[in-house]
Every structure is written in structure tokens, then in C-alpha cells.
Amino acid sequence: MMRDTPEAIRMAEDREAFRDLLERIGQPYAPSSIVEGATPEARERSTREALEAIIAKYGSFAWAWLSRARVHRGQGRLSDALAAFGAALLRDPALVEAHYERAQVLAELGRDEEAARDYQAYLAAVPGDLPAARAYVA
Numbered sequence: 000m001m002r003d004t005p006e007a008i009r010m011a012e013d014r015e016a017f018r019d020l021l022e023r024i025g026q027p028y029a030p031s032s033i034v035e036g037a038t039p040e041a042r043e044r045s046t047r048e049a050l051e052a053i054i055a056k057y058g059s060f061a062w063a064w065l066s067r068a069r070v071h072r073g074q075g076r077l078s079d080a081l082a083a084f085g086a087a088l089l090r091d092p093a094l095v096e097a098h099y100e101r102a103q104v105l106a107e108l109g110r111d112e113e114a115a116r117d118y119q120a121y122l123a124a125v126p127g128d129l130p131a132a133r134a135y136v137a
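Using numbering that gives the first Met the number 0, you'd call the opening residue of the sequence shown number 0 and step up by one each time.
The set of hints was computed from the structure by calculation and includes no laboratory data. Note that the Cβ used here is the ideal one computed from N, Cα and C, for glycine as well. There's no promise every hint is true.
Said to hold, decoys possible - Now the in silico label distances, taken between C-beta atoms and shown as ranges:
no., residue 1, residue 2, range
1, Y57, A93, 32 to 42 Å
2, G85, D128, 20 to 30 Å
3, R76, R133, 21 to 31 Å
4, D111, E51, 30 to 40 Å
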């Protein structure tokens, strides 16, 4: 069961922060991603709308920019993802997830030297991550 893993705890904390921000900007927390039977398009639209509302109101919230980057990446919009990862890192240079995921995108685009810098930043903060270390060496 994934319930008590660090990743599950972090995801729960992120959801709680997301819910709190939505309440502060007056947007109800009922994204279609939690509505049974929602289409992938409806989930994506709901997520995008919530992120846009948070970014419009709290542009310095790095996690929202990271989430935006993940949405773009999932859609295959890699240059938009890179821009959003960069925005997240401008707001929080210690956001290790952004370094790691931007490194992956840069590597996908064949921009190996840039990817190496982000892998190095990530691995300096999370030295025990063997899959990331393997990706960096590859």
C-alpha cells in the first residue's frame, strides 16, 4: 500500500496546498479529476483552469508552475514545459523536482549539456536517487 510512503505523503500535502489556494481565490475544490467518469479532456481542462487561476493570483507559487510544466510535458509540448520549469525554478531555485524533470525534457530534446547541469543540481540535493544518477550518466 502506497499510503505512508514519502511520495504519497508529499502528494497529499500538495493536494492540501492546492485545495487551500483554490479556496483563497474563490474557486471551489471539485476538479473533474476526482469526479467519477470524467473524461481525460475534462480532467485536463479542470487542472489547467485551476492552475491558471492560482498562477494569476499567486504567480510566485513555484509548485503551480511545476504543475503547469507537467501538464505541458504530458501533452508533448516540451518547449512550453521547459518555460514553465524555468518559471518554477526562478521562483524557487531549490525545487529539486523541477531540476530533475527539466533535465529529463532537455535530454529528450538532445540538449545534453543543459540536461547535465539540471541533473547535477538535482543529484546534489538528492544524492541517493540511483535512477536519476543512471539517467545522468547515460
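List of violated hint numbers, smallest to largest: As far as the earlier hints go, only 1 is violated by this structure.
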